[in-house]
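There are 4 protein chains.
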Amino acid sequence: MSAHFSINKRVEFADTDAAGIMHFANFFRFMEVCEHAFFRSLGLSVHSMGREPGRDSMEVGWPRVHASCDFKQALRFEDPVEIELNIKELGSKTVLYEFCFWKNVEDQEKRSLAATGKFTVVCVSWHGGDGKIKAVEIPSQIREKLEQVISV
Amino acid sequence: MSAHFSINKRVEFADTDAAGIMHFANFFRFMEVCEHAFFRSLGLSVHSMGREPGRDSMEVGWPRVHASCDFKQALRFEDPVEIELNIKELGSKTVLYEFCFWKNVEDQEKRSLAATGKFTVVCVSWHGGDGKIKAVEIPSQIREKLEQVISV
Amino acid sequence: MSAHFSINKRVEFADTDAAGIMHFANFFRFMEVCEHAFFRSLGLSVHSMGREPGRDSMEVGWPRVHASCDFKQALRFEDPVEIELNIKELGSKTVLYEFCFWKNVEDQEKRSLAATGKFTVVCVSWHGGDGKIKAVEIPSQIREKLEQVISV
Amino acid sequence: MSAHFSINKRVEFADTDAAGIMHFANFFRFMEVCEHAFFRSLGLSVHSMGREPGRDSMEVGWPRVHASCDFKQALRFEDPVEIELNIKELGSKTVLYEFCFWKNVEDQEKRSLAATGKFTVVCVSWHGGDGKIKAVEIPSQIREKLEQVISV
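Chains as they are written, first to last, in the numbering used here: chain A, 920 to 1071; chain B, 920 to 1071; chain C, 920 to 1071; chain D, 920 to 1071.
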């Protein structure tokens, strides 16, 4: 498996705004689409069960505590875009993802960076029965998969 | 209480698309905002408890089985719009809402219809424990409130 | 070319709502994604130029005057869905599209209809210079392509 | 005029996701709604004309080059939320806005911070006729108004 993961998407009409470009908030939706596709590529779902030795199965979730985006070039209706995901830090309970948005992806010479973004997500469990979530250590089964793709 | 209910909203930038107008799918979101504001105006929430004599309390929901919209005039960024709700039919388990979108609402002479829409919603309960929803009769406590605002 | 066109999409997390299912307004966005993919499959863009013999080139657009959806089954996060487009009527200036949403598409026995929808779109031109759009006849170059896929 | 500006909004159903909370990307939409309401409060529109002495009138826009959000507490359907805007830096061509999301706003004791966010926006002009935007100095008429509300 390569050190990064990417998906290809197209800017849909509903993603644009009256300035004629992709609305900035949709870059965040696209990053999440990439994150979830990455999880599926590992054989996991975002709502997957992490089963630990000596522990009950546990449903974990990944709410974000930070999201940011730096915008360099506009994306327009029907533009193909490649969204690349890298893991920059893998903490005991957190993951820091970095994303790159590439435009003009069909032409290696024109290919250029449209935006970069970051998510810090926390591994949480609903375990406990009070309905509250709490940060938990990333289950080892998931950690092993994430370690395989961390950027070096 | 008058025979109709309305709210005032403004078209936000994220509601527009590259044609420079409110994206058509957002008319449906605006209708739902109006429906939920209507429920709150009755002292109910969309997720409210209907308590029937001789029955356990029951949480009801209102999924839509039909939604439609006819578009007459475009709405643009920052346009103020009045969304008017009328109940057209009140069945034992269903409600048919009609919506009107009014633009140029600040000027009685220019006030004109931008769109009309319809929702058919069904009263459902999660009662039963199998996690499945089923259509139920509209709780009498809610029905009484809806009857007060039905269009005649 | 077959008598219908379809695309495959996945329900993304941002498409869902607090009821745990795809928000109903997003069915309309998905139908438009299918409509635009259909246009691209014909070698056209929604903002394409229709060049008529004896006429200047003309940019045409396709605003919708009607959109509706009937909801039969919920779609959930990560559900694969096939959206099928059929042309039901081809008028001189209008097209009536019908859409079917198929779920459980990976299993022919479980494959079932989640929703059906309709768009009536009007061919318009910005020609004229006053910035106003007006309904125009569908350019023959486009009409020929649409006629090839009309349902019979 | 006070040193900050705020608006009150409610979390709508379409703003939530299958985790039962406001989808994180919608915090960015809410910040923009606040930014635009702030501009209107100054008697400006986001697409307003800045008229400089000795210069032609010039339409300026405010694309963002950076947006970020730190999430502290979830917002749920129908939650009232106050979004507060502060100007943190006023450059010659840029503005740095900071936003606070306050929940439980109806109860001073329970009032607490749900999220904080930042936008860096650049003043741009379409002046020049080639359809390209370029960063320009904030028109003095607008700068004067912004200076009145900068946080100290």
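Derived from the structure by calculation, the hints contain no laboratory data.
Treat the hints loosely; a few may be bogus.
A pair holds if it fits inside one copy or across any two, identical chains being indistinguishable in the list.
Below, computed lysine-lysine pairings styled on DSS-like, alpha-carbon distance capped at 25 Å [unchecked claim]: (1) LYS991 to LYS1007; (2) LYS1064 to LYS1029; (3) LYS1029 to LYS1051; (4) LYS991 to LYS1053; (5) LYS1029 to LYS1053; (6) LYS1012 to LYS1029; (7) LYS1037 to LYS991.
Hints versus structure:
no.: 1; hint: LYS991 to LYS1007; in the structure: both (21 Å within a copy, 22 Å between copies)
no.: 2; hint: LYS1064 to LYS1029; in the structure: neither (34 Å within a copy, 32 Å between copies)
no.: 3; hint: LYS1029 to LYS1051; in the structure: between (48 Å within a copy, 18 Å between copies)
no.: 4; hint: LYS991 to LYS1053; in the structure: between (36 Å within a copy, 13 Å between copies)
no.: 5; hint: LYS1029 to LYS1053; in the structure: between (45 Å within a copy, 21 Å between copies)
no.: 6; hint: LYS1012 to LYS1029; in the structure: neither (39 Å within a copy, 29 Å between copies)
no.: 7; hint: LYS1037 to LYS991; in the structure: both (15 Å within a copy, 17 Å between copies)
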